[in-house]
Amino acid sequence: MKKHNYLFPAMVLFSLISIASVAQTAAKNATRNDLLLSLGYFNTNNQTQYLSAKAKTKIDGKFQMVSGISLSFYISNDSSAANLLGKAVTDAKGNAYLLIPPAAQSEWKKSVKQSFVAVFAASNLYDETKANVQIAKAKLKIDTAADKKITVTALELKDTSWVPVKGVELKVAVKRMGGDLNVSETQTYTTDSTGTISAEFKRDSLAGDAKGNLVLIAKVEDNDTYGNFSAEQTVPWGIKTEYLSAYDKRTLFARRGHSPIWLEIMAYSIIVAVWGVLIYLIGQMRKIKALGA
Amino acid sequence: MDTLAKQQITEDLLPQKFGKQGQIWVAFLSVLCLVGFIAYCRQLSKGLVVTGMRDYVSWGIYISNFVFFVAISLVGSLITAVLRLTDVHWSTPLTRIAEIIAVSAVTFASIIIIVDMGRPDRFYNLFIHGRLQSPIVWDVIVITTYFFISLLLLYFPLLPDLQILLKYKEKTNKYLYKLYTFLGSFWKNTPGQISISNKAVNILCITIIPVAFSIHTVTSWLFATTYRPGWDSTNFGAYFISGAFLVGAGGVVVAMYVFRTHYKLEKYITDDHFDKMGKVLVMLALLYLYFNVNEFLVPAFKMKKPEEEHLLGLFTGEFAPVFWFAITTAMIIPILILIFKKGRKPKPAFVAGLLVVIGSWFKRYLIVTPTLLHPFLPIHDVPASYHHYFPTWEEWSIAIGSLAGALLIITFFARIFPIIPIQETITETEEHEKA
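Residue numbers (numbering that gives the first Met the number 0), protein chains in the order written: chain U, 0 to 292; chain A, 0 to 434.
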């Protein structure tokens with residue numbers, strides 16, 4: 000009997016410890032989700048280079064963007080302080096951007112290929128997380144002919160010279176306010192053995208600036224080898240648009256003294272009519288006074 | 000009609016000196032005005048920061064008060080012009096009450112709009128740089144016009160009474176006698192003068208109706224021409240005018256009861272007047288209720304996203320207590336009281352009128368402020384106080400002071416001039432006896 004007396008409390012104690020351990024693990028899992036980082040390289044118009052990182056996590060089986068976390072960006076795979084390019088905080092969509100600073104030029108020039116890494120330092124919510132990207136240095140060159148033919152050449156840096164690359168998929172478009180508009184029905188082009196593609200500009204009657212200029216853009220997106228890069232060129236293929244100022248016109252939103260004529264006629268007629276009646280009545284009052292004199 | 004009866008009417012209706020109650024009333028109103036003035040001086044020296052108005056709520060209870068004053072002033076055109084032109088004679092004892100309410104209200108509507116300006120010293124810019132396209136300029140023009148018409152409509156019918164007042168020199172003091180002399184010594188009651196005066200009053204009655212409609216329509220356009228939830232309505236002009244007639248009629252019923260009780264005018268402001276005004280009030284309350292249903296039910300049925308927050312704020316949210324209080328006190332309860340004959344007796348009618356006036360003041364607040372707290376672009380990155388509006392003591396004091404000021408004008412007018420037209424009452428009694 001005595002043996003049973005010890006066994007029961009021991010079982011209860013063991014059960015409590017097990018439950019507490021499971022609960023603790025569950026609590027740890029509930030609060031510490033995995034952070035998923037992805038990193039991309041961008042080169043806009045062969046000029047502006049920047050890195051873009053996206054941070055997300057999976058909560059209740061759904062991906063959610065992680066905002067407000069600080070990421071450190073490094074050039075090369077070595078995340079030592081000497082290679083630090085800078086830090087950026089993710090926005091509401093979980094994106095963080097960092098322009099590659101001129102100080103990184105010497106490291107950039109060391110090789111025809113380049114690696115970058117984005118690092119999130121461990122916090123209460125997430126463990127330390129890294130994302131890498133390696134790119135081969137490449138650029139695009141746009142040539143145009145008078146008959147609205149566009150030739151785009153994709154070039155890769157090999158040692159010290161730029162050589163054409165075959166099999167690169169790219170888009171050719173016109174920059175518009177709401178996004179890029181393809182120059183023809185063809186969505187994408189793939190470079191041939193000479194590294195070029197030919198596209199035809201079929202967007203007639205497109206409004207340009209005051210001189211009729213449009214900006215052509217050729218871009219490579221999410222390429223596994225080269226990342227994202229683009230080139231732009233201004234061409235006079237649009238329709239000249241003239242800014243028509245309404246500043247001196249008579250409108251409802253114009254400044255003082257420039258109200259529409261119909262409004263002036265209406266308003267002044269009413270004012271003259273009503274105040275005419277009032278002045279007439281004041282005259283009648285004088286008449287009443289005269290009659291009583 | 001014999002001379003004795005005429006004399007009785009005249010003596011009954013002559014302005015009376017303030018009694019003890021009157022003096023307390025004037026002192027009370029003067030204190031309220033004084034506190035309001037002190038608060039305004041603080042606002043002038045420290046700026047609009049002493050108010051609860053911030054970046055989003057830039058129109059608070061000052062503009063609510065302005066809309067209320069403009070609304071109540073419309074009663075002048077309803078009682079005097081509409082009923083006169085439709086040959087309704089029972090309203091004769093009420094015309095002067097209605098007109099003085101109109102004049103005092105429109106005076107304080109103009110004053111309160113200047114109070115709302117952070118820099119009143121720049122008021123002249125409205126005239127120098129005002130744009131004809133702006134509803135604010137239309138409002139300035141139409142309020143000025145309405146004020147002058149109301150003043151003339153008060154003055155012309157007063158002329159025969161001034162002659163009577165001059166005859167009773169012993170019942171007045173020398174200052175008032177001088178005032179009566181200045182204003183009406185030329186009135187000799189000649190057929191020529193009567194004819195011109197009647198013609199002038201008829202012209203004024205015709206003129207005041209479109210101007211009165213304009214004054215409140217333009218006031219509604221101050222809101223409706225702005226694209227905002229709650230204001231973006233094509234119905235606003237009619238909605239405002241129906242509400243204005245309601246609050247004006249409510250104000251007249253309250254004034255009728257106070258003057259009848261205080262000056263013992265039961266013979267002139269009879270139960271029948273309350274019965275008739277009660278019916279008018281029910282009709283106007285139903286009309287305004289109809290416009291309210293239109294104004295809220297239609298957008299609530301569609302529940303467009305930008306309107307949703309505003310409407311739910313009124314129906315069940317932050318403003319719900321004020322909203323339902325205003326709807327109930329300004330319309331539902333007065334209808335329930337006045338729809339029954341017993342409810343149209345003087346005392347219950349007075350209570351109903353008072354509820355209409357109080358409820359209508361809060362209704363104006365609901366028209367102005369909640370919309371400003373629900374702009375199309377969400378409010379963010381601002382101090383917490385910007386999300387809400389509650390008037391400061393300075394605003395309450397100024398608003399209450401302005402209401403007291405309007406009542407003070409009415410009180411002094413009743414002290415100086417007959418609040419019921421003497422000559423018109425005599426003439427109508429004579430005509431009634433002849434008939």
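If you are wondering where the hints come from, they were derived from the structure by calculation, not from laboratory data. Because the structure is a prediction, the values reported are computed rather than measured. Treat the hints loosely; a few may be bogus.
Stated by the list, open to error - Chain U regions said to be covered by chain A (calculated; three or more residues, Cβ under 8 Å):
no., region
1, 138 to 150
2, 183 to 193
3, 243 to 255
4, 283 to 290
From the three backbone atoms N, C-alpha and C, an ideal C-beta is built for every residue, glycine too.
Status of each hint after checking the structure:
1. Restraint check on the region 138 to 150 of chain U versus chain A: 0 residues with Cβ-Cβ distances below 8 Å, three needed, restraint violated.
2. With 0 residues carrying a beta carbon less than 8 Å from a beta carbon of chain A, the region 183 to 193 of chain U misses the three-residue requirement, and the given coverage is violated.
3. Proximity of the region 243 to 255 of chain U to chain A, defined as three or more residues with a beta carbon under 8 Å from a beta carbon of that chain, is established by the 5 residues found.
4. Proximity of the region 283 to 290 of chain U to chain A, defined as three or more residues with a beta carbon under 8 Å from a beta carbon of that chain, is established by the 6 residues found.
Consistency note: the structure conflicts with the earlier hints numbered 1, 2.
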